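> The residues making up each chain are set out below.
Protein chains: 2
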Amino acid sequence: MRPFFRPFLVVASLAASVAFASEGHADPSAPVVLGLAVILLVAKLAGDVAVRVGQPAVLGELLAGVVLGNLPLLGVHTFEPMAASPFLDMFARVGVIVLLFEVGLESTVAQMMKVGLSALLVAIIGVALPFALGFATTRLVLPGHPMTVALFIGATLTATSVGITARVLKDLERSQTPEARVILGAAVIDDVLGLVILAVVTGVIVASDAGGSLAVSDVLLTVGKAVGFLMGALVLGTRLSKRLFGLASLLKVRGVLLAFALGIAFLSSALADFIGLAPIVGAFAAGLVLEDVQYQDLVDREHHSLEELIHPIAGFLVPVFFVLMGMHTQLTSFAQPGVLGLAAALCLVAVVGKLASGLGVRGSAGASRLTVGIGMVPRGEVGLIFADLGSKLMTHGEPVVSPEVFSAVVAMVIVTTMVTPPALEWSMRRSA
Amino acid sequence: MRPFFRPFLVVASLAASVAFASEGHADPSAPVVLGLAVILLVAKLAGDVAVRVGQPAVLGELLAGVVLGNLPLLGVHTFEPMAASPFLDMFARVGVIVLLFEVGLESTVAQMMKVGLSALLVAIIGVALPFALGFATTRLVLPGHPMTVALFIGATLTATSVGITARVLKDLERSQTPEARVILGAAVIDDVLGLVILAVVTGVIVASDAGGSLAVSDVLLTVGKAVGFLMGALVLGTRLSKRLFGLASLLKVRGVLLAFALGIAFLSSALADFIGLAPIVGAFAAGLVLEDVQYQDLVDREHHSLEELIHPIAGFLVPVFFVLMGMHTQLTSFAQPGVLGLAAALCLVAVVGKLASGLGVRGSAGASRLTVGIGMVPRGEVGLIFADLGSKLMTHGEPVVSPEVFSAVVAMVIVTTMVTPPALEWSMRRSA
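Protein chains in written order, with the working numbering: chain A, 260 to 691; chain B, 260 to 691.
Check each hint, because a few of them may be wrong.
Here are the computed lysine to aspartate or glutamate pairs in the EDC-like style, where the Cα-Cα straight-line distance is at most 20 Å [stated by the list, open to error]:
| hint | chain 1 | residue 1 | chain 2 | residue 2 |
| --- | --- | --- | --- | --- |
| 1 | B | Lys484 | A | Asp286 |
| 2 | A | Lys484 | B | Asp286 |
| 3 | A | Lys651 | B | Asp286 |
| 4 | B | Lys511 | A | Asp286 |
Bear in mind the hints are in silico, worked out from the structure with no lab data behind them.
Being a predicted model, the structure only gives us computed values, none of them experimental.
The following block holds chain A by itself, in its conformation from the complex (with noise of 0.2 Å):
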């Protein structure tokens, strides 16, 4: 069908096994940026078929992942030490927090308080059901396990994709209708929403593994913490953030822009880790909280706007995100008891509970409450954050989500990202 995609793969696949082969290399960035290149042209090609079929790239991204990660099932062995090296990896964790700044800075602080009650409404159900319907299904589809893995799979399913969302509705060239605008607010509600929850779950979980129980001062400590930072973030960070951008100004070298906005994002997500949330929340944070007025004159100065900036380096690192995510998926968990039925499971209740969110939306939008509803349904980055986060967070010696659980959710991410666009398209020709 597309015989050019051989050559690339047949040297990839042969670069990659020579260099990662051969020890004692003159240079140890050599393998790494041989995986990086392996990553961007396989996210690529796999990112066209995707288009190709209909399907968001990032999809494609994954998918190709789940490929080269479970080549080690057919005897291929060769990218093996991509998926172990923990320079790819940092690269991968820098190039979300990336990510999470470049989707936070599509959205101000102002946009978010003027979204008005639909978007409210429809963010708050599109959390509190997937949430609610995810932990009574993970109660009854696991019984045997710990409480805290149904809290988690309820918190991998709150957060809308915000990026794919909003790439589909650019690629149907929708973006500025009123299911549109509500969906995009709602998202963003509902993705710092999400975001709290998982400071929540998270603190809940470390809290009780430390010796402790589900103490509610516990809970109300973290979720004081994880309200307190976003709300200092929104509040004080504009002020500061523009305070910031003024000094910069006067600097007369040149790159003030990116190296500030960056800078910012950074320190944002290294103080959120230090008070125990995800470096991801503050990267969103930051992003949020910073506004082309506060820069203008810099824009003006470098002739390229922020997200112009922002756009190649999250082009560069997010690719390795999603391959390597991908990668990381065992398709022999799906083969053990249980999976197969949970990924059914909680892909049904990632559909219903996010159709429901539609209900949210008031007549005076003017907006359909079913596009609304189709177009919440995506779980992308931050479902799969969650999920990367779970595996790593042990509680008594086990990981909160285990292999078969994070495919699971995987297998939700791919189900619930790969039925919106089609549906989306259908509803939104309906309603026109």
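Since the structure of chain A is provided, determine the placement of chain B on it from the hints.
Relative to chain A, chain B alone:
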């Protein structure tokens, strides 16, 4: 003088201190992004100071690194973990690969072929003379050291810093003068010559350390590999990249231009490493080979030139290289006997050797020999990279470039970089 610097440094210092001191992060990316934030903010502040006193920003980044890296002398150990972080080191390594790729992009193979006799003669004199003078000087100043040290120091003196030269010419708005064309053409050629010399010297050292002697066959093999790779890259590379981008333009996914360009640069770097050259040789060759005409339809489709896409990535990663490079400079080494003398001798030889290269300018070029000679003086990233490679290359269990010699090379880079902008401005005005 600039009191608004203080809050940044206080915040950065406190944040770094807290994050690196506390143990067991929720996310291993937190200390890394904090280090990146500190580097980016400090680089811009120091770059601003450098620009204000008429120096290139890169000099400020280097000196800021020297300051941060030597704070332990004052009992401040806050930034020590940054200097030792393998992840920041990897970001720096990828950063220098991106930088050399970007520098390579600024020139084309066709321009290199066309630069004419003047540029070629300037390049040859400007490589041969500093190499010979550097070798002789080292033998005189450090009589007890093995000959390999002198070979390596000679090599560090060969390559004019294309980045610094181009940036200074741009700052003076003299990029279109005959002098500028000769300087840039010669700088491109002497970079390639310098890289071949590096390959030869490295190969010779590795071969002799493996028990053999300076066999002519080893030298010829190394020369053959280096020249073969470069010629192969330049001759076959153009056709291959044209073909790759022809295929890439069929892909319907976004971000193909950046992903393929980085993929080619990274594959070329890994290939260079695989055949025994430095990865940066491959990155530079890839940059020379890629030309707008090969991917014009992708540029039209994505509304940004490749340079616009690579520039932010370089802006993010390149300061990591220069600040960390500065941090690895131990000021205490200057106190050791012979180092100050070696540094002074290297500076003298470095300036004289390149000034004399101006004699290669033919009358027909219509360029001032003095101006061209001055323009060739600055050494920068390539010299530092050579020294860095030398410090990691072991011969008889000792690094070829000891910390003392490394410090002397850094001093040479700092001095040649510092004297150029004012001297070039003076000479340009004089001949105008």
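> Quick one, are Lys511 (chain B) and Asp286 (chain A) close enough, alpha carbons at most 20 Å?
Since the Cα atoms of Lys511 (chain B) and Asp286 (chain A) sit roughly 35 Å apart, the hinted pair is violated (cutoff 20 Å).
> Are the Cα atoms of Lys651 (chain A) and Asp286 (chain B) separated by 20 Å or less?
9 Å, holds
> So if I understand the rule, the pair passes when the alpha-carbon distance is 20 Å or less; does Lys484 (chain A) with Asp286 (chain B) pass?
17 Å, holds
> Given the hint that Lys484 (chain B) pairs with Asp286 (chain A), does the C-alpha gap stay at or below 20 Å?
Distance ~17 Å between Lys484 (chain B) and Asp286 (chain A) Cα, so the pair holds.
Going through the hint list in order, the structure does not satisfy hint 4, though it satisfies all others.
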